[in-house]
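Asks: From first to last, the protein sequence lines are chains A and B. Quick note on this note's numbering: the first sequence kicks off at 1 and runs consecutively. Quick note on this note's numbering: the second sequence kicks off at 440 and runs consecutively.
A portion of the hints provided could be inaccurate.
[As the list claims (entries may be wrong)] When the alpha-carbon atoms are kept at most 30 angstroms apart in a straight line, the in silico DSS-like pairs for lysine-lysine are as follows:
id: 1; chain 1: A; residue 1: 351; chain 2: B; residue 2: 578
id: 2; chain 1: B; residue 1: 669; chain 2: B; residue 2: 547
id: 3; chain 1: A; residue 1: 326; chain 2: A; residue 2: 343
id: 4; chain 1: B; residue 1: 578; chain 2: B; residue 2: 457
id: 5; chain 1: A; residue 1: 435; chain 2: B; residue 2: 539
id: 6; chain 1: A; residue 1: 34; chain 2: A; residue 2: 11
id: 7; chain 1: B; residue 1: 660; chain 2: A; residue 2: 435
id: 8; chain 1: A; residue 1: 351; chain 2: A; residue 2: 56
id: 9; chain 1: B; residue 1: 539; chain 2: A; residue 2: 351
id: 10; chain 1: A; residue 1: 435; chain 2: A; residue 2: 326
id: 11; chain 1: B; residue 1: 665; chain 2: B; residue 2: 678
id: 12; chain 1: A; residue 1: 61; chain 2: A; residue 2: 126
id: 13; chain 1: B; residue 1: 578; chain 2: B; residue 2: 504
id: 14; chain 1: B; residue 1: 547; chain 2: A; residue 2: 435
id: 15; chain 1: A; residue 1: 435; chain 2: A; residue 2: 61
Quick caveat, the hints were computed from the structure, so don't treat them as lab data.
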Amino acid sequence: MTTETIDLKTKLITDFYARESVMNGEAASAFHQKKRAALARFDQLGFPTVRNEEWKYSSVKELVNESYNFNSESNVVLADLEDLKIPEQDANIIYFVNGRYNAELSRMVSSQAQITISSLSEAIKKDPQLVNTYFNELTKESGEGFTELNTAFAQDGIFIHVPDNQTVEHPVILRFVADARTQNVGNQPRNIIAVGRNSHLKMAEAFRTLGSGRSFTNAVTEIYVGEEAGVEYYKVQNESEQAYHIGTTQVRMLARSQFYAGTVTLNGRFTRNNLNIILDGERCEAHMYGLYFPDGTQHVDNHTVADHRKPNSESNELYKGILRDKSKGVFNGKIFVRPDAQKTNAFQSCKNIVLSPEASMNTKPQLEIYADDVKCSHGTTTGQIDEEALFYMRSRGISRPEALSLLMFAFCADVVSQIRIDSIREYLENVIAEKLASK
Amino acid sequence: MLSINDLRASIEGKEILKGINLEVKAGEVHAIMGPNGSGKSTLASVLAGREEYEVTGGSVLFEGKGILEMAPEERAAEGIFLAFQYPVEIPGVTTINFLKTAVNEIRKYRGESPLDAAQFLKMVREKAKLVSMNDSLLKRALNEGFSGGEKKRNEIFQMAVLEPKLAILDETDSGLDIDALRIVAEGVNSLRSPERAAIVVTHYQRLLDYIVPDFVHVLYKGRIVKSGPKELALELEEKGYDWIKAEVEALS
């Protein structure tokens, strides 16, 4: 059998053992044992199919039928990334190219007393015990083949540790570049963010693609939000027409903490985002905002979970989508209110505009409530553009395309305005305006 | 300026306008009155280009150009303005941004260069004063959460900014108290000039105390059944529409 005909799953498992066989004492490390266990689970679970309820509307058949180089070198220099850049600001900017930390491109400005920012590969060498306190602790029972796969191959990504009582003034912006200029590439960044008690951090993950080869990104981020801490986390996906992206962000919040998430998907062939938040303390506040804007035959799937485990917490969710051409969107929002989580407030809303008869949107709110004194609401709307509003604007001399673009921009603004890293918000406003003007 | 000839229009297969004829010259104000369901708002909508209505016959010339084939935005750029009976709320778009887009789109249509921010703001402030429009409303999302009076005032304000040649006011008086009515009417009157004309669609004579028309037309069952000087409005106020209905029925 030649490598070309071996399916992706078999190839990855074979790769894993080949690598393991050349490891020295490291194979016995706790880190590796976690990976080994994850590989076994991946072997069992495999890649999901549409028979899996969680993947009903999102087939990954095309994705797994391709082959990717997961160890490709890249000679990317800053000049190659000019077009992909988010305007600079006073921030820690960390680059990953094909999943590997790139020290030359990266820049850190925050003081090390306030925050440890390190690549995962370095962190595991320097302080394996600290890394292992967090690594795969939130995702170990994911039941997701992709997440297990990421764990099994966890090698690089970011490791951020903020000690107690620190307000990190400069945001951390992680830029993941898939360099698919010469071949199909695969990358599996693994990120760990641990924010201590009463500390505050703003961060973003931005995903871009270079070149026209296929790219497969399988990203997992674990975020620990300490008591009374505040974390703002934004994910920006502006990838190529050939980019597959599977991403899981797993968050655990402790008492009186706040977590803000903003997930914006502008481009990509196939995108699946899982955002799972466990509100594991009293008086937590979780906010989830999402925006997706597919066109052509792009596919965007957002799955979110707000898991209320303790009393008196609040979750608030707003996802919005504009679907054009033959694009497809999926939204699945789960809210769990566990028996202990009395006095929970949970709100969820998903609003969509479908601009073409060939585009489609599947929404599914899922509430599972096991406590009796709770306030929960959810609502989804999927509609066309408001013709009366369009006529009103046109009657004032605004052309139909311009009126549409104003209305769409306003529709997006609810989400975009929630992004509180200025450079990211301005970048999004520009990209959205351009995208609106393009048709 | 405006010449409507045997205009017929229907919605969902039902004929609403059954042959309208009307001549409006520059400098004139025409009032269109009539009972509910007579086709007044339909006429206003068809002139502005609302697409739900199907024009089934006749012609409308505006300064010699046929407008029925024009898109709503082209009609606006040619100088026609419709003040809506129910102005639309548009969340997320500020009044000021909306108007700036409108002004510059119209200027583009006319081959003029766009106004810069300073020129535009200066002009807008002057016009806002004209209709006693509070500056703070300009920065709010268009009509969102505005009271009925604020919405109507915003219509007249937009009209003042766009300076149309022909203004069509569709039941602008509905839902207004007397003070709001006076402010709206003053706004309209300040725009009166020998080069401009207006069509005022109203159910009640009240507005015409403030915007005094040159001609009054009564629309009934999709036709103009009676035209006269401004005194006709007073007669309608006093006697209602029944005598006109009776006249029409007697003739048919």
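Asks: With reference to the structure, classify each hint as holding or not holding.
Replies: Cross-check of the supplied hints:
no.: 1; hint: A:351 x B:578; in the structure: holds (25 angstroms)
no.: 2; hint: B:669 x B:547; in the structure: violated (39 angstroms)
no.: 3; hint: A:326 x A:343; in the structure: violated (42 angstroms)
no.: 4; hint: B:578 x B:457; in the structure: violated (43 angstroms)
no.: 5; hint: A:435 x B:539; in the structure: holds (21 angstroms)
no.: 6; hint: A:34 x A:11; in the structure: holds (20 angstroms)
no.: 7; hint: B:660 x A:435; in the structure: violated (48 angstroms)
no.: 8; hint: A:351 x A:56; in the structure: holds (20 angstroms)
no.: 9; hint: B:539 x A:351; in the structure: holds (28 angstroms)
no.: 10; hint: A:435 x A:326; in the structure: holds (16 angstroms)
no.: 11; hint: B:665 x B:678; in the structure: holds (14 angstroms)
no.: 12; hint: A:61 x A:126; in the structure: violated (39 angstroms)
no.: 13; hint: B:578 x B:504; in the structure: violated (37 angstroms)
no.: 14; hint: B:547 x A:435; in the structure: holds (22 angstroms)
no.: 15; hint: A:435 x A:61; in the structure: holds (29 angstroms)
Of the numbered hints stated above, those contradicted by the structure are hints 2, 3, 4, 7, 12 and 13, listed in ascending order.
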